[in-house]
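K.L.:
Residue strings, one per chain:
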Amino acid sequence: MDINYNADVIVVGAGPSGIAAAISVAKGAKKVVLIERSQYPGSKNMYGGAVYTSALRELLGQDIEKIKFERKITSHTYAFLNETGSFELTYQNNESNSAYTIKRFNLESQLIEIAKSYGVYYIPNTLVKSLVVENDRVIGIETELEKYYAPVTILADGVNSLLSQNLKLKQDYKPKDIILSAKETLKLDKQTIEKRFNLKDDLTQGVAKQYFGSDFKELKGYKNLFMMTFLYTFKDTIMLGVGANLDDLSKNKLNINEILDIIKTHPSIAPLIEGGERIEYSAHMIPEGGYKKMPKLYSNGVMVVGDAAGFINSVHFEGTNFALISGKIAGQCALEALANNNFSSNFLSLYRKKLEKSFILKDLYSYRNIIERLYSRSNSLNIYYPNKIKELFEIITGANCVSKSKQFREFFFKLFKDRNPIELFKDAIAFLRCALDVFFGK
Amino acid sequence: MNNKEKNKKSIQDKLSNLKYNANSEAHLKVDIKKCLKCTSKPCTFICPAGVYEYRDDINEILVQYENCLECGACKVVCPYNSIDWQYPKSGCGIILKNS
Numbered sequence: 001m002d003i004n005y006n007a008d009v010i011v012v013g014a015g016p017s018g019i020a021a022a023i024s025v026a027k028g029a030k031k032v033v034l035i036e037r038s039q040y041p042g043s044k045n046m047y048g049g050a051v052y053t054s055a056l057r058e059l060l061g062q063d064i065e066k067i068k069f070e071r072k073i074t075s076h077t078y079a080f081l082n083e084t085g086s087f088e089l090t091y092q093n094n095e096s097n098s099a100y101t102i103k104r105f106n107l108e109s110q111l112i113e114i115a116k117s118y119g120v121y122y123i124p125n126t127l128v129k130s131l132v133v134e135n136d137r138v139i140g141i142e143t144e145l146e147k148y149y150a151p152v153t154i155l156a157d158g159v160n161s162l163l164s165q166n167l168k169l170k171q172d173y174k175p176k177d178i179i180l181s182a183k184e185t186l187k188l189d190k191q192t193i194e195k196r197f198n199l200k201d202d203l204t205q206g207v208a209k210q211y212f213g214s215d216f217k218e219l220k221g222y223k224n225l226f227m228m229t230f231l232y233t234f235k236d237t238i239m240l241g242v243g244a245n246l247d248d249l250s251k252n253k254l255n256i257n258e259i260l261d262i263i264k265t266h267p268s269i270a271p272l273i274e275g276g277e278r279i280e281y282s283a284h285m286i287p288e289g290g291y292k293k294m295p296k297l298y299s300n301g302v303m304v305v306g307d308a309a310g311f312i313n314s315v316h317f318e319g320t321n322f323a324l325i326s327g328k329i330a331g332q333c334a335l336e337a338l339a340n341n342n343f344s345s346n347f348l349s350l351y352r353k354k355l356e357k358s359f360i361l362k363d364l365y366s367y368r369n370i371i372e373r374l375y376s377r378s379n380s381l382n383i384y385y386p387n388k389i390k391e392l393f394e395i396i397t398g399a400n401c402v403s404k405s406k407q408f409r410e411f412f413f414k415l416f417k418d419r420n421p422i423e424l425f426k427d428a429i430a431f432l433r434c435a436l437d438v439f440f441g442k
Numbered sequence: 001m002n003n004k005e006k007n008k009k010s011i012q013d014k015l016s017n018l019k020y021n022a023n024s025e026a027h028l029k030v031d032i033k034k035c036l037k038c039t040s041k042p043c044t045f046i047c048p049a050g051v052y053e054y055r056d057d058i059n060e061i062l063v064q065y066e067n068c069l070e071c072g073a074c075k076v077v078c079p080y081n082s083i084d085w086q087y088p089k090s091g092c093g094i095i096l097k098n099s
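Chain order of the listed sequences is A and B. Reading the first sequence from the start, the letters are residues 1 to 442 in my numbering. Reading the second sequence from the start, the letters are residues 1 to 99 in my numbering.
Just so you know, the hints here were simulated from the structure itself, not pulled from any lab data. Glycine included, every Cβ here is placed at the ideal spot set by N, Cα and C. Accuracy of the hints is not assured; some may be wrong.
[What the hints assert, rightly or not] Residues on chain B that point at chain A, a partial pick, calculated with CB under 8 angstroms:
#, residue
1, N7
2, K14
3, K33
4, P42
5, L62
6, Y65
7, L69
8, E70
9, G72
10, A73
11, V77
12, I95
13, S99
[Claimed, not checked] Covered stretches of chain A, as calculated for chain B (at least 3 residues, CB under 8 angstroms):
#, region
14, 101-110
15, 156-163
Kindly generate the complete structure, drawing on both the sequences and the hints.
P.N.:
Quick look at the structure:
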């Protein structure tokens, strides 16, 4: 096959995984073209709000110091929302240096500048319409205007990855495998945020909050609604968003924005966002299918990275780190393929082998059943336990002049009376299995 | 105002200060023959930008593709695979700078 290659590697999509792949190839002194459909880097992207330093450092080394973040995250809260308030557990570590908030436009813009400094050839404003396939091998891409050829193409085209679907590496997701998320960016004074969340004024402190619970206000009555609310503090904005299972939304005829609006009025959340002026609204899908719904990760001349491959761990809100490291590994495999002048599917299976040795496929494997298990108990997580916790803490804190023994006894017996005791048993089994999955995982 | 009307207005409000680079051509198309067979029409209530509206008077699904947030949920949720979901043309569509 005589092809005039324009580059050694083409990367489609300039999110964290695509940029990481391109940087990793450029570091090996090979010519890499990074193509992005949007005009500005990161302007199609949204996430909860945190990027992880260990993955960035692994990719960039000292160059991580060049990135200007918004706030360091030093406080993580896990909470259950109920009708009148919430039960919240906060872990604070003021020395923590593991995560920062940053808007995606700013993250990707800065990463692109670093990538260019390594020699990455960045082409924005260019939609890749299709892949050029010859003799069952991907040899390049086709934009609206022209074709580019390279022996290796890396698909970093995000959760919707039309290219990997067209190549039959991946089937489209089912609603059950998707969390649809919507988010608002709310502008407030920097000082107001610091006062409200008890943060130092030098951006070295910030909070991330995750909430279970859906049994309040107009959401009452939806018995099967797997959803999670999140809140992150940025420099002078707060990101408040919610994700819900797409199948549940569909069956309950609910719109994600409807849920977000209800959450904004919750008594534990409303005061946190009070006075915030909405400057942006965004929505995005999160691929929850994990290990079981993973596409074929490589084929002749092509590899799939980041969200396009469904690399996330939603239990721990990890995504950007999976994106960065899978991109980096794919870039390294591209370099090895170039060195060996072998771009076959067989050779590129190296990519999967390397992922298996990294935390990416280890975690994906260990957590392969967990979302499904939590989902099957979503009524417990979002309704039953948030309410039980409320009842328990009413006894502990209520000072209602009734014998404590009597109240605790009643609470205990009600645990078995309120609901079929089998449900309690099912919860216990599901949570135990989650723990065992991870304990005996990879 | 019922919940659905309230939500429609809320979405309109939220879209009103978003920035888009107008796409001259529809990147979302529905196959109305399939849509008319679809009883639930989840696209009409799932879309976080309220892009799809069923008009029973003319038996059409109106697609306001200009408002699309490019999330892809409509395509995944459609039971009849009726939605031809493409990205907007190069450089077009939603521009997020604060997300």
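K.L.:
None of the hints should be skipped; say for each whether it holds.
P.N.:
Checked hints:
no., hint, verdict
1, N7, "5 angstroms, holds"
2, K14, "4 angstroms, holds"
3, K33, "20 angstroms, violated"
4, P42, "5 angstroms, holds"
5, L62, "17 angstroms, violated"
6, Y65, "15 angstroms, violated"
7, L69, "5 angstroms, holds"
8, E70, "6 angstroms, holds"
9, G72, "4 angstroms, holds"
10, A73, "5 angstroms, holds"
11, V77, "5 angstroms, holds"
12, I95, "5 angstroms, holds"
13, S99, "4 angstroms, holds"
14, 101-110, "holds (count 3)"
15, 156-163, "holds (count 3)"
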